[in-house]
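K.L.:
Residue-level listing of the chains:
There are 2 protein chains.
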Amino acid sequence: MDSITIIEGGVTAPKGFLANGVSCGIKHCMKTGEVLLSDSSGEGVPTKRDVAVIFSMQPCTAAAVYTQNKVKGAPIAVTKRHLADGKARAVIANSGNANTCNADGEQKALQMCTMLARELNISADEVIVASTGVIGQTLPIEPIQAGIDMLVSGLSQSGGTYAAEAIMTTDTFKKEVAVTFEIGGVPCVIGGMSKGSGMIHPNMATLLAFITTDANINASLLQQALSDSVKLSYNMISVDGDTSTNDMACILANGAANNPKITEKGEDYNTFCKALNEVNIRLARLMAKDGEGATKLLECRVSGAPNEDTAKKVAKSVVCSSLFKAAMFGQDANWGRILCAIGYTDAQFNIDKTEVSLASSVGTIKVCESGAGVAFSEEEAKGLLAEDEIIIEINLHDGKASATAWGCDLTYDYVKINGDYRT
Amino acid sequence: MDSITIIEGGVTAPKGFLANGVSCGIKHCMKTGEVLLSDSSGEGVPTKRDVAVIFSMQPCTAAAVYTQNKVKGAPIAVTKRHLADGKARAVIANSGNANTCNADGEQKALQMCTMLARELNISADEVIVASTGVIGQTLPIEPIQAGIDMLVSGLSQSGGTYAAEAIMTTDTFKKEVAVTFEIGGVPCVIGGMSKGSGMIHPNMATLLAFITTDANINASLLQQALSDSVKLSYNMISVDGDTSTNDMACILANGAANNPKITEKGEDYNTFCKALNEVNIRLARLMAKDGEGATKLLECRVSGAPNEDTAKKVAKSVVCSSLFKAAMFGQDANWGRILCAIGYTDAQFNIDKTEVSLASSVGTIKVCESGAGVAFSEEEAKGLLAEDEIIIEINLHDGKASATAWGCDLTYDYVKINGDYRT
Numbered sequence: 001m002d003s004i005t006i007i008e009g010g011v012t013a014p015k016g017f018l019a020n021g022v023s024c025g026i027k028h029c030m031k032t033g034e035v036l037l038s039d040s041s042g043e044g045v046p047t048k049r050d051v052a053v054i055f056s057m058q059p060c061t062a063a064a065v066y067t068q069n070k071v072k073g074a075p076i077a078v079t080k081r082h083l084a085d086g087k088a089r090a091v092i093a094n095s096g097n098a099n100t101c102n103a104d105g106e107q108k109a110l111q112m113c114t115m116l117a118r119e120l121n122i123s124a125d126e127v128i129v130a131s132t133g134v135i136g137q138t139l140p141i142e143p144i145q146a147g148i149d150m151l152v153s154g155l156s157q158s159g160g161t162y163a164a165e166a167i168m169t170t171d172t173f174k175k176e177v178a179v180t181f182e183i184g185g186v187p188c189v190i191g192g193m194s195k196g197s198g199m200i201h202p203n204m205a206t207l208l209a210f211i212t213t214d215a216n217i218n219a220s221l222l223q224q225a226l227s228d229s230v231k232l233s234y235n236m237i238s239v240d241g242d243t244s245t246n247d248m249a250c251i252l253a254n255g256a257a258n259n260p261k262i263t264e265k266g267e268d269y270n271t272f273c274k275a276l277n278e279v280n281i282r283l284a285r286l287m288a289k290d291g292e293g294a295t296k297l298l299e300c301r302v303s304g305a306p307n308e309d310t311a312k313k314v315a316k317s318v319v320c321s322s323l324f325k326a327a328m329f330g331q332d333a334n335w336g337r338i339l340c341a342i343g344y345t346d347a348q349f350n351i352d353k354t355e356v357s358l359a360s361s362v363g364t365i366k367v368c369e370s371g372a373g374v375a376f377s378e379e380e381a382k383g384l385l386a387e388d389e390i391i392i393e394i395n396l397h398d399g400k401a402s403a404t405a406w407g408c409d410l411t412y413d414y415v416k417i418n419g420d421y422r423t
Numbered sequence: 001m002d003s004i005t006i007i008e009g010g011v012t013a014p015k016g017f018l019a020n021g022v023s024c025g026i027k028h029c030m031k032t033g034e035v036l037l038s039d040s041s042g043e044g045v046p047t048k049r050d051v052a053v054i055f056s057m058q059p060c061t062a063a064a065v066y067t068q069n070k071v072k073g074a075p076i077a078v079t080k081r082h083l084a085d086g087k088a089r090a091v092i093a094n095s096g097n098a099n100t101c102n103a104d105g106e107q108k109a110l111q112m113c114t115m116l117a118r119e120l121n122i123s124a125d126e127v128i129v130a131s132t133g134v135i136g137q138t139l140p141i142e143p144i145q146a147g148i149d150m151l152v153s154g155l156s157q158s159g160g161t162y163a164a165e166a167i168m169t170t171d172t173f174k175k176e177v178a179v180t181f182e183i184g185g186v187p188c189v190i191g192g193m194s195k196g197s198g199m200i201h202p203n204m205a206t207l208l209a210f211i212t213t214d215a216n217i218n219a220s221l222l223q224q225a226l227s228d229s230v231k232l233s234y235n236m237i238s239v240d241g242d243t244s245t246n247d248m249a250c251i252l253a254n255g256a257a258n259n260p261k262i263t264e265k266g267e268d269y270n271t272f273c274k275a276l277n278e279v280n281i282r283l284a285r286l287m288a289k290d291g292e293g294a295t296k297l298l299e300c301r302v303s304g305a306p307n308e309d310t311a312k313k314v315a316k317s318v319v320c321s322s323l324f325k326a327a328m329f330g331q332d333a334n335w336g337r338i339l340c341a342i343g344y345t346d347a348q349f350n351i352d353k354t355e356v357s358l359a360s361s362v363g364t365i366k367v368c369e370s371g372a373g374v375a376f377s378e379e380e381a382k383g384l385l386a387e388d389e390i391i392i393e394i395n396l397h398d399g400k401a402s403a404t405a406w407g408c409d410l411t412y413d414y415v416k417i418n419g420d421y422r423t
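Protein chains in written order, with UniProt numbering: chain A, 1 to 423; chain B, 1 to 423.
Here chain A stands alone, though its shape is the one from the complex (with noise of 0.2 Å):
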């Protein structure tokens, strides 16, 4: 049995998770120095949530993986120490502040675990720590410290989607994920939370995502299923090409499921990595759509490739190319751009067995057989294209390995945002 069902919610959807998001009003404190903190109902809140709290009722296997910026923002460094001996019970996260490139960066992050921990009754080195938004700004602790009491009495079940809404920062709709599947029989869950919506870039794993699920599984399986899950979903987006300072996707596993614990790679592993790429990829491609002003999803599929990295190379390129991002933006079927994208890339193979085709919902048109162009309808093209996802097949004829990456278009909106970000 590895049937694998998708489900309402995100990372309270497993058994025994709690979470929470409120508005402490970081962006406001970082403007007037004022500690404005929202009504705690969660009804009526009058500016963005901007902190979220995820819980384990018992204690959990965790794992993660982060940036590889040389650039690394302070709460990386201490939830690394925090999961070295791959243990964790609580994540603490906020937006509106990256919390890096500031001299008191990693004392701030600290502050943040030990005050929810005092909160929570649990350790300080239980706790997984995350920021995002601006970076070299001094992140100011007090609106957190104001609200950490808010944060913890509020912990519900429903309070997962109170949690993903507290992480996004340009996000124009938050990105949760559930998936159930049976494990020896016995049901079991994996729900997860993802944010980006710029400096997408991921290299080894992308700006916040926090996935939990009640199976019972080791540690190093649980770390090697997230490591090998992260390279086929978050490392295959880009939004811009920038890769953050503070890419994290991290793992919390309790084992309410009460299903015969995971030891070992076999039938049950390969059950529960399917279903972690299955979270994995779905907040991935949410993250792709919802890229900074982007009005499209990209989704590019090689296959014929005679190595997998190959074929990631390839997809990734096109995914990246600016001007094919601008073509797709403006519905033109400029396939020469797709193959000069293909062609800079560093990997080897024979560019002249390249087919090309563009596919949405609407149809397929194959654009390019053995590296050269093919007749087409425009008027088609202009219609399949007019889509808002839209699939790029590229067959290389040089093997049999295949692989997929997301992006988006380039819009007027990223550059408008961008342009204005800190302001």
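These aren't lab readings, by the way, just hints derived from the structure by calculation. Hints may be right or wrong, so weigh each one.
To be verified - Below are the DSS-like pairs computed for lysine-lysine, each with C-alpha atoms no more than 27 Å apart in a straight line: (1) B:K400 x B:K231; (2) A:K80 x B:K353; (3) B:K382 x A:K416; (4) B:K31 x A:K366; (5) B:K27 x A:K366; (6) B:K80 x B:K265; (7) B:K31 x A:K382; (8) A:K353 x B:K80; (9) A:K31 x B:K382; (10) B:K416 x A:K416; (11) B:K416 x A:K366.
No experiment lies behind these values; they were computed from the predicted model shown.
Use these hints to put chain B onto chain A, whose structure you have.
P.N.:
Showing chain B alone in chain A's frame:
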């Protein structure tokens, strides 16, 4: 004596070179199938000039560097064969169609050489051919055939400027540079023209730079001087991170200056290289400044690097960052994005020592020291960034090597231009 003086003109500034550029109506023919030449007087030309010719009255030593994109334009293949003997006498280049990813591409490129050679009474393998424009559409040869007589009969010293116009695509101004210098007391000239302005992220060369000189220099030294110079000029600019399929920089040296021939490395060779760098770097800066949709030239100067390779990687990473480029368009001193772009290079150095300043004609502001922010006036920064040439000074304090890269801001107009380039 190695003083270098900027003079008026471009490819016809050196002795013995003639050029011309006329409107053959290539784009018009692609749309309608109709051949519609423009008035040969060069006055009142109704459509954009689209075919350029450069001719040396005496045989030349020649050298070139080409794109590293695996998808290569057909003209590149033909030019490589023609330059195998290190000799050439003429150039023919068209805009409006890249003659790339076409089944009959090489045949058409060779036809262009043959037609020109017949009119000039030279051999076809003395002709360098280049094309720029849309990829994957058949190049109509008829308009060029019809225009070749007009092109050749109008060759003149003043025609260099027409040639520079004829290779423009989305460029907003033509790019010409010339310098004079002395070799063994004899005045020599190097002149050049180039075109941008999208798909600019050169790897070995950039889309169409043509350099001429009347200096007398042997073929192997000419090739080495060009290869070295390209690394410091065209390979250090980026408009959009897309490496073109048709990039080419070539140089013709006809020896008409009658300087003592440069046959070995030494003072004369060094002087020649300095003059060549001057021309290429100025042309490269013009291409960055005229990047598609650009309102600002970005110059990133990296110093204190452990080695030149690291300095180059850091400098290019900053001018390539979409996020930073959008911030510059918005005149927002969002230096966190500079640190982020430095951090995601694969170069090895100590990020905690990094110092960053922003500068323009109105002043300099330090924004980051020892990898963390320093207080500065946002208002002052805004004023500084309102200028149209912005310098980003990065000192890694980790060695003695340095490098400079050039780019441009990311604007609404980049998206607009590339959202409907073909239509």
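K.L.:
Hint by hint, say whether it matches the structure.
P.N.:
Hint by hint, here is what the structure shows:
no.: 1; hint: B:K400 x B:K231; in the structure: holds (19 Å)
no.: 2; hint: A:K80 x B:K353; in the structure: holds (23 Å)
no.: 3; hint: B:K382 x A:K416; in the structure: holds (17 Å)
no.: 4; hint: B:K31 x A:K366; in the structure: holds (22 Å)
no.: 5; hint: B:K27 x A:K366; in the structure: holds (24 Å)
no.: 6; hint: B:K80 x B:K265; in the structure: holds (25 Å)
no.: 7; hint: B:K31 x A:K382; in the structure: holds (17 Å)
no.: 8; hint: A:K353 x B:K80; in the structure: holds (23 Å)
no.: 9; hint: A:K31 x B:K382; in the structure: holds (18 Å)
no.: 10; hint: B:K416 x A:K416; in the structure: holds (13 Å)
no.: 11; hint: B:K416 x A:K366; in the structure: holds (26 Å)
This entry satisfies every hint, going by the numbered hints stated previously.
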